[in-house]
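Okay, so the sequence shown: first residue is 19 according to the working numbering, each after it adds one.
Hint data in this document are derived by calculation from the structure and do not stem from the laboratory. Quick caveat, the model's predicted, so the values are computed rather than measured. Beta carbons are placed, not taken as given, at the ideal position from N, Cα and C, and that holds for glycine. Please note that the accuracy of each hint is not assured.
Have a look at the derived ranges for each label pair, beta carbon to beta carbon [as the list claims (entries may be wrong)]:
1) Ser53 <-> Phe124: 33 to 43 Å
2) Leu85 <-> Ala45: 16 to 26 Å
3) Arg82 <-> Leu43: 33 to 43 Å
4) Pro76 <-> Ile102: 36 to 46 Å
5) Arg75 <-> Leu41: 38 to 48 Å
6) Phe33 <-> Ala88: 28 to 38 Å
7) Ser53 <-> Gly92: 16 to 26 Å
8) Pro46 <-> Gly130: 18 to 28 Å
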Amino acid sequence: MLVRAAVSLQTVAVFVQAVTAGLVLSAPGRGALHSAGAYTVFVVALVHLAVAALAWRPGGGSPRPVLYAAGFLGLTLAQVALGIAHVKALHVPLGVLMFGLSVVQFVWMRPGFRAHLATTS
Numbered sequence: 019m020l021v022r023a024a025v026s027l028q029t030v031a032v033f034v035q036a037v038t039a040g041l042v043l044s045a046p047g048r049g050a051l052h053s054a055g056a057y058t059v060f061v062v063a064l065v066h067l068a069v070a071a072l073a074w075r076p077g078g079g080s081p082r083p084v085l086y087a088a089g090f091l092g093l094t095l096a097q098v099a100l101g102i103a104h105v106k107a108l109h110v111p112l113g114v115l116m117f118g119l120s121v122v123q124f125v126w127m128r129p130g131f132r133a134h135l136a137t138t139s
């Protein structure tokens with residue numbers, strides 16, 4: 019349940035980053051919102067990793083959510099570095115990829131989604 023909430027928050031945070039990125043690209047001087055959003059996405063990615071690890075260890079379930087969270091945190095760190103370096107040619111596509119991955123994980127974690135897949139194949 020908490021992992022789902024963390025993924026939901028992550029997805030919303032990355033979407034807001036896309037909106038602020040559009041503002042930065044269309045009108046100079048709006049970088050402060052995008053910068054604040056970057057800190058937010060970083061903190062949310064850390065929380066996601068912590069929650070996934072805490073949910074995994076006691077139950078002894080699959081470590082897959084922890085691996086996804088760690089991978090997303092790695093992408094977030096790369097995204098921050100590219101943004102600081104102003105490498106828009108990589109920063110923008112990586113942001114799109116991160117949003118897509120977050121949405122896929124959000125949908126995948128919905129209750130009954132995997133059961134639905136099993137019945138339709």
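Hints the structure fails to honour: As far as the earlier hints go, 1, 2, 6 and 8 are violated by this structure, in ascending order.
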